[in-house]
Amino acid sequence: MKKPLQQSLITLPSFGWLTFFFLVPACIVYMFAFKRADITGAILPGWSLDSLKTLLDKQSLALTWRTLWLSLVTTAGGLCLAIPMSYYMATRTPSNQRRLVLFVMIPLWSSFIVRIFAWKIVLHPEGIVKMLLVTCGLSKPNTPLLYNDLAVLIVMIYSYFPFAVLPLYSAASKFDFSLFEAAMDLGATKRRSFFTVYLPAMIPAILTAGLMVLIPAAGAYVIPEVVGGSGSEMLGNTIARRIFLDRNLPVASALSLLLSLVVFIPAVIIALWHSGPQARGGENR
Amino acid sequence: MKASWSRWISYAGFAFLYLPVLVLIGSSFNASRFGGAWTGFTLSWYQRLLCEPSIWNALANSLLVATYSSLLATILGVTAALSLYWYRSTLQKLHLGLLLAPLVMPDILMGICLLFLFSSICLKLSLFTVFLAHTTFSISYVAMIIKTRLETLDTSIIEAARDLGASTFYMLRKIVLPILAPSILSGWLLAFTLSLDDFVITFFVVGPGATTLPVYIYSMMKFGAPPLINALSTLILLFTAVITVVYYRILQEEPS
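Residue numbers (the numbering used here), protein chains in the order written: chain A, -11 to 273; chain B, 11 to 266.
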């Protein structure tokens, strides 16, 4: 048997491609974080911690904090929509379920940039939302809806919550709803059985769904750029500015390292949690 | 009580999801130059679209990149999924890690990594670098779709074929690939749409003078927002909606 040869032949194409175009570049970026650039952007020889130290100055800390809170609020808001929606979807008839899943997928598959642009029209100073708010007396005619943190949050929740609906729905559709009826037969109210029977069973899916929102939210670049104001800059925007405007690659790399940690730490924790004893116990039930 | 709550939140959620899209489509027929207030119905933005060669040029670039990158990513994704399915070794554990990592990497980091790579190997930014980037991020999606299908595969068919003396290659050609065909098709469609849609990664690795459609729309959006984008966006939304429905049909017809 030429099994090892066969294995390497079929593994090599994707393994080699991703090593060269993903792993190596990531290592280059992280390596640059330990370099230093002079004022023209030329990389100085030798290693240095100066670029990493810039992460601790007041400006960078404020930026990290803003990125964290904006992405956490987005995640929480996304889950608040996605949990009831996936529950509702999973309790429909099979053909309606299929239709609703398609309704969630269509916006997800359509152009991201087009949908962001749509929000510029919706929140336009002469747009319908503004007119409605003004007629209801909820907003003054000259306070803008665009270019602030609230606009960034709304558009981020809008863009990323469908990523949470799909994994939650697939878990909810496998949930045994007879447990629910059993709880109600035993005298629990519908609300109580939702919170004590349904939600605990959904925890693994909720964690995954939260991660699906957190990752793109923490790495957001276009949304703060298009609907955010000068004060709603996030890590992604600063990284892009360091690269394209200041040409300070080591500082951009240090910020990239930080952003990777923001994303990878929760990803690893959730992955470990999923492979941990409590998750396995659930599978072998 | 709870059921009605979830119903109302779902209605609100779907309204939230579709409101901006519908407003955008409506605005594409608005005669007003500056958006906002409704000043009458017109098709003139669609007409104007026809005589903007740079839009069609960007579209052609996008289609070119999407075609080639989705084909290559599909081939690489299929071989990746097959090797993960057939072999259980340390190498495959690393392989799986390498396939999953791009899925949790924010787009902007992926774009920066590729930009650093291309500049360190002195590769000039062009449509070719966009093609390389799109292939890279599409492989994982294709591989995961096919891996999921393989996990539900009835292994007795393969064992029967092996017992009857089929070679690995014959089995692959006559049994595994035909069974996988719908998944391969849906993986390819996903790769194609991801490539067509991608803005962030493309923005970092695109060369001067070779824009793709999303990058072109972004620059139109930054320099004032002519109502032309509304008309163009409406057409794009219709197109992707059709692709999604086709993709979904393919998935639904598969036995699970």
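For the record, the hints were derived by calculation from the structure and aren't laboratory data. Just so you know, not all the hints are guaranteed correct.
[What the hints assert, rightly or not] These stretches of chain B come out as covered by chain A in the derived footprint (C-beta under 8 Å, 3 or more residues): (1) 64 to 78; (2) 87 to 100; (3) 124 to 136; (4) 151 to 161; (5) 256 to 262.
[What the hints assert, rightly or not] Beta-carbon label-pair distances, calculated as ranges: (6) B:G217 with A:K178: 52 to 60 Å; (7) B:T158 with A:L187: 24 to 32 Å; (8) A:L0 with B:T52: 50 to 58 Å.
Just so you know, these numbers come straight off a predicted model, no measurement behind them. The beta-carbon is built from N, C-alpha and C at its ideal position, and this holds for glycine as well.
Right, here's what the structure says about each hint:
no., hint, result
1, 64 to 78, "violated (count 0)"
2, 87 to 100, "holds (count 8)"
3, 124 to 136, "holds (count 5)"
4, 151 to 161, "violated (count 1)"
5, 256 to 262, "holds (count 3)"
6, B:G217 with A:K178: 52 to 60 Å, "59 Å, holds"
7, B:T158 with A:L187: 24 to 32 Å, "26 Å, holds"
8, A:L0 with B:T52: 50 to 58 Å, "56 Å, holds"
Violated hints, in rising order: 1 and 4; the structure is consistent with all others.
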